[in-house]
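Colleague: For this one, chain W is given, so just place chain V with the ligands on it according to the hints.
Take a look at the letters that make up each chain.
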Amino acid sequence: MKFYVEPLSKCTQRLGSLSEIESKPTVNIKTPAVMLHTQGGQIPHITHEVFKLVSRKSQILQIPLAGMHTFKEAMQYYEGTISSFIGSKDSLSCLTLQDPCNITKQGHHSTLKVPIWTKNGKVYYDAKSYMDVVESFKPDIYFLLSDGDTNISSSEKRIAKSVSNTMNFYKECLDRHRKSDALKHSFVIAPIVGGYKQISRERYISFILEDMKNVDGFLIDGLHNNGPEAEFLEFNEIEPIVRCILNKIPTEKLRVVQGCWNPVNIINLVELGIDLFDTSYCHILTERSAAMTFAIEITDQTNTYEINLRDSKYVDDFQPILIGCECLSCTKYSRAYIHHLLSVHELLGPILVMIHNVYHYLRFFEKIRSCIQNNTLQTLQLSITEQFRNHQKTK
Amino acid sequence: MTTKSPLVFSILTECGTSKARVSRMILPHGPVDLPVFMPVGTQGTLKGMLPEQLEELGLQIMLANTYHLGTKPGTEILQKAGGLHKFMNWNGCLLTDSGGFQMVSLLKLAEITEDGVRFQSLNDQKAEVMLTPEHSIEIQNAIGADIIMQLDDVVKTTNPDKERIEESVHRTTRWLDRCLKAHQNPDTQNIFPIVQGTLYEDLREKSAKDHIERDVRGFAIGGLSGGESKDDFWKMVHLSTNILPKNKPRYLMGVGFAEDLVVCCALGVDMFDCVFPTRTARFGCALTRKGQLNLKKEQFKKDFRPIDENCPCNTCKNYTRAYLSGIVTVLPVACHLLTEHNIVFQMNLMKDIRQSITKGKFPDFVRDFMLQVYPTKNYPSWIIDSLSAVNIKLK
Ligand SMILES: [Zn+2]
Ligand SMILES: [Zn+2]
Numbered sequence: 001m002k003f004y005v006e007p008l009s010k011c012t013q014r015l016g017s018l019s020e021i022e023s024k025p026t027v028n029i030k031t032p033a034v035m036l037h038t039q040g041g042q043i044p045h046i047t048h049e050v051f052k053l054v055s056r057k058s059q060i061l062q063i064p065l066a067g068m069h070t071f072k073e074a075m076q077y078y079e080g081t082i083s084s085f086i087g088s089k090d091s092l093s094c095l096t097l098q099d100p101c102n103i104t105k106q107g108h109h110s111t112l113k114v115p116i117w118t119k120n121g122k123v124y125y126d127a128k129s130y131m132d133v134v135e136s137f138k139p140d141i142y143f144l145l146s147d148g149d150t151n152i153s154s155s156e157k158r159i160a161k162s163v164s165n166t167m168n169f170y171k172e173c174l175d176r177h178r179k180s181d182a183l184k185h186s187f188v189i190a191p192i193v194g195g196y197k198q199i200s201r202e203r204y205i206s207f208i209l210e211d212m213k214n215v216d217g218f219l220i221d222g223l224h225n226n227g228p229e230a231e232f233l234e235f236n237e238i239e240p241i242v243r244c245i246l247n248k249i250p251t252e253k254l255r256v257v258q259g260c261w262n263p264v265n266i267i268n269l270v271e272l273g274i275d276l277f278d279t280s281y282c283h284i285l286t287e288r289s290a291a292m293t294f295a296i297e298i299t300d301q302t303n304t305y306e307i308n309l310r311d312s313k314y315v316d317d318f319q320p321i322l323i324g325c326e327c328l329s330c331t332k333y334s335r336a337y338i339h340h341l342l343s344v345h346e347l348l349g350p351i352l353v354m355i356h357n358v359y360h361y362l363r364f365f366e367k368i369r370s371c372i373q374n375n376t377l378q379t380l381q382l383s384i385t386e387q388f389r390n391h392q393k394t395k
Numbered sequence: 001m002t003t004k005s006p007l008v009f010s011i012l013t014e015c016g017t018s019k020a021r022v023s024r025m026i027l028p029h030g031p032v033d034l035p036v037f038m039p040v041g042t043q044g045t046l047k048g049m050l051p052e053q054l055e056e057l058g059l060q061i062m063l064a065n066t067y068h069l070g071t072k073p074g075t076e077i078l079q080k081a082g083g084l085h086k087f088m089n090w091n092g093c094l095l096t097d098s099g100g101f102q103m104v105s106l107l108k109l110a111e112i113t114e115d116g117v118r119f120q121s122l123n124d125q126k127a128e129v130m131l132t133p134e135h136s137i138e139i140q141n142a143i144g145a146d147i148i149m150q151l152d153d154v155v156k157t158t159n160p161d162k163e164r165i166e167e168s169v170h171r172t173t174r175w176l177d178r179c180l181k182a183h184q185n186p187d188t189q190n191i192f193p194i195v196q197g198t199l200y201e202d203l204r205e206k207s208a209k210d211h212i213e214r215d216v217r218g219f220a221i222g223g224l225s226g227g228e229s230k231d232d233f234w235k236m237v238h239l240s241t242n243i244l245p246k247n248k249p250r251y252l253m254g255v256g257f258a259e260d261l262v263v264c265c266a267l268g269v270d271m272f273d274c275v276f277p278t279r280t281a282r283f284g285c286a287l288t289r290k291g292q293l294n295l296k297k298e299q300f301k302k303d304f305r306p307i308d309e310n311c312p313c314n315t316c317k318n319y320t321r322a323y324l325s326g327i328v329t330v331l332p333v334a335c336h337l338l339t340e341h342n343i344v345f346q347m348n349l350m351k352d353i354r355q356s357i358t359k360g361k362f363p364d365f366v367r368d369f370m371l372q373v374y375p376t377k378n379y380p381s382w383i384i385d386s387l388s389a390v391n392i393k394l395k
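Quick note, the sequences are listed as chains W and V, same order. Per this note's numbering, residue 1 is the first one in the first sequence, and the count goes up by one each step. Per this note's numbering, residue 1 is the first one in the second sequence, and the count goes up by one each step.
No lab work stands behind these hints: they were computed from the structure. Virtual Cβ for every residue (Gly too), placed ideally from N, Cα, C. Be a bit skeptical, because a hint or two may be false.
As the list claims (entries may be wrong) - Derived list of chain W stretches under chain V, where covered just means 3 residues or more per stretch with a C-beta under 8 Å from a C-beta of chain V: (1) 32–41; (2) 45–52; (3) 277–290; (4) 310–324.
As the list claims (entries may be wrong) - Pairs of lysine to aspartate or glutamate residues, derived as EDC-like cross-links and limited to a Cα-Cα distance of at most 16 Å, are as follows: (5) W:K313 to V:E76; (6) W:K57 to W:D90; (7) V:K72 to W:E346; (8) W:K332 to V:E76; (9) W:K52 to V:E56; (10) V:K80 to W:D316; (11) W:K105 to W:E229; (12) W:K332 to V:E52.
Excised from the complex, chain W in its bound form:
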C-alpha cells in the first residue's frame, strides 16, 4: 500500500490517496478519510451485511485490539487475515491499540508494558506479545505499540515515561516488522507521543527520524485518553502541539489522529494537515440516542445541529431524521418509529440512528475533500462552527 499526497498548495490542508494495495489493487481511498470504527470486528450496531446498505465503497475498518484480544489464540490457527475472520474480507483493516470510544484508564502503566481493557479486564501487552498478535492478524495497516497515556494535564514524569516506553516499543516492533514475512505488505503507522510538551514531542520525533525505514505514516498519540470526553476538547488547547508535531514530520507520510472529535474540530484538524480519522464520534452520538442533523450543503433543509430521538416531541413526528438525507434510515423510517424503538429498547433503534450517523459523517468527509479541491474549506468551516455554536447556546 502506498500513500500519495497531491502536489501541495501553500495551504496546509491536503488531498491524498491510499492505493496500490497488494490484496486489493483496484481500491483507492481518498484522504482526508475516515476509518469505520469497530468493536470486536463489527461497526457498533451495524453488521457488515447491513453496512452494504449504507455504502458500497471500500472502507478501512479501524480494529482496536481491546475487542479482539479474545481471538488472540484462535488467530494463531486461522489461515486468513483479520478482515476475513471478522467477516469483511473486502475491507481494509487497521489494527490499533486502544479503542477511541472507551476511556483509557490512567495510572495503570508499567515499564515496557501497556494495558488494554478487554471484556475480561485489564491485559498487558509488551512489544513481543503485541507483534505476535499483529503477525497473526496480518492487518493491511497497523499502529506500532505505544504508551500514549497522556493528556493536557499529564505530569512531566508521566510524559517522560511515555516517551521512553514508546521509544523502546518503536525499536523492537520495527525490528520485528522488518524480519516478518507475514507483514511485508502491511502499512506501518508510528505513534508519536510526548503529551502537550513540545520538547518531549520534538525529542521523540528526532529519535524516530534517525531510522524511519518501513514507516508509512504517523499517529498523533497522547492528546487525550479516548472516550466521550474527546468530543469536547477545545481546539485552541490542542492546536499548538499538533502544529509543532506536523512541522517536524515529513510531509509525504500519512497523518492520523484517533478519537471522537466533533465535526468542528475535524475541519480544524484537516486544515492543519491531518489525513485520517475514525467514526467513533458516530458511535458516541448513537449511544446517547442522538442523530447528526447539521447542514453539510447550504441547501440541506435543517435548522438543528443534532437531535435527540428519545425526546418525546418526536413521538408522532413522521418526518425522517433529516429531510433530504438519502440514507436507508431517512428514506424508509420516521422519527416517530425510531423514537418508539428507542423507548422500548429494541435493537433496531440504535441501528437506524447509527446508519444515519455513519452515512452523514461519510458525506461530511466527502464534502471536506471537495472543499479542499475547490479551495472552499473555510466556508464549510464557518458554516459548521456557526451551527455548532448555535447548538451550544440552545442546550
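Modeller: Same frame as chain W, but now just chain V with the ligands:
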C-alpha cells in the same frame, strides 16, 4: 362482482399418507406459502433485523403483539402512522395476537370476567385496565395486520378444573361473536377464532364445532404448548385438525421447535409461531438439523467452520463459529447475525417440508429428518405414536 376476499386459500398438494398439505394463502399484503413458520416481532421489529433484510430472505409473514403495541406506541400513533405496516416499513403480511395471552402470562394480577380481562397496567399510574373483546379488536384494527386473533379465555393447560375449562370454552365462543361484531375492517383483516378446551377431548371438540359455524376464513388452535405432556399435546392437535374444515388454514399457536413443526405438519397444521428461534439467538444459540449449538462453549473457539455448511444465510456465508463464539452475548450485532441464521433455519425447514409434500416424498423426509436428530433411532415415544397415527412409520 363481489369484493375481493382478504384471504384466499387454496390447497396445492396433499400428502398421500399423512394429513400434511401444501397450500397457499393470499392476504392483502401478499401470498404466504403454507405450511409456514412466523417469527415474532413483538414491538413492531424483529430482533435487530431490518425489514429490508427479512424481505431479502423471502419472509412472507411475521407476528406482532397487540398487548405491547397497544401500550407503546399506542393506537393513536399507529392510526396516525397509517397502521403498523407503514410505521415499521414492512410490506409483507402481519398477524397479531389478541393480547389476552400476554396479559394472563405476563401479569400476575389479571382477572377474567365475562366482560374481559382485568389487569393492572404496567405503566406508571398502575391503573386497573380492562381488555374486552371489543377493545382488543379496536387495537388490532389500528395495527392493521392481515390476520388478527379473537380475544380468548385462556386457561393453563395444566389446570385440571374441568368446570373452569368448560366455562372458558363457552366464553371464548361468546367473545368470538363480540369480536366479529366489533370488527371494523372485515374487507382487509381476517379474524381467526381460537379453539380452546385444553386437554379435554369433548371440550376441544365442542369448541372447534362451535367455531366452525361462524363465518371466518381460518382457525387457530390455542391453549397448547403450555407445559402439558407431549402425549397430550399431539393428541389435541390431531383431534383439532380432524374436526376443522380442510378448506381453511389452521394455525397452531406458540409452537416452533423443529421436531414439533415436522410432526404437526404431518397432523395437518398450516401455520406456526414461536419466540424461541429469535430469543435463543440472543443467548448465543444457533439451530441446526442435528440440534442446537451453544456458541459460547469453549469447543468452538478454534472451529473455523460456519454454523452449518449447507445453510444459505449470510451469517453462514461470512462468519465462522470461532468468530461468532467470541462475540455472542458480548456484541448486540451478534444477536442480529444469529437471528438471521435461526430465521433462515426455520424457513428452510418449512420449505423442505413443502417441497417434500409436493414431490410426494413427505414420509421419507420425516424419516430422514428424525434420523438426523436421533442418529441412534432412540425416538421419543410421542413422536413414534403421533406419526404412526397419520401412517408414517419411523422404525
Ligand atoms: Zn439519514
Ligand atoms: Zn446460516
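Colleague: Would you mind marking each hint as holding or not holding in the structure?
Modeller: Hints versus structure:
{"no.": "1", "hint": "32–41", "verdict": "holds (count 3)"}
{"no.": "2", "hint": "45–52", "verdict": "holds (count 6)"}
{"no.": "3", "hint": "277–290", "verdict": "violated (count 0)"}
{"no.": "4", "hint": "310–324", "verdict": "holds (count 3)"}
{"no.": "5", "hint": "W:K313 to V:E76", "verdict": "15 Å, holds"}
{"no.": "6", "hint": "W:K57 to W:D90", "verdict": "10 Å, holds"}
{"no.": "7", "hint": "V:K72 to W:E346", "verdict": "12 Å, holds"}
{"no.": "8", "hint": "W:K332 to V:E76", "verdict": "21 Å, violated"}
{"no.": "9", "hint": "W:K52 to V:E56", "verdict": "13 Å, holds"}
{"no.": "10", "hint": "V:K80 to W:D316", "verdict": "8 Å, holds"}
{"no.": "11", "hint": "W:K105 to W:E229", "verdict": "13 Å, holds"}
{"no.": "12", "hint": "W:K332 to V:E52", "verdict": "10 Å, holds"}
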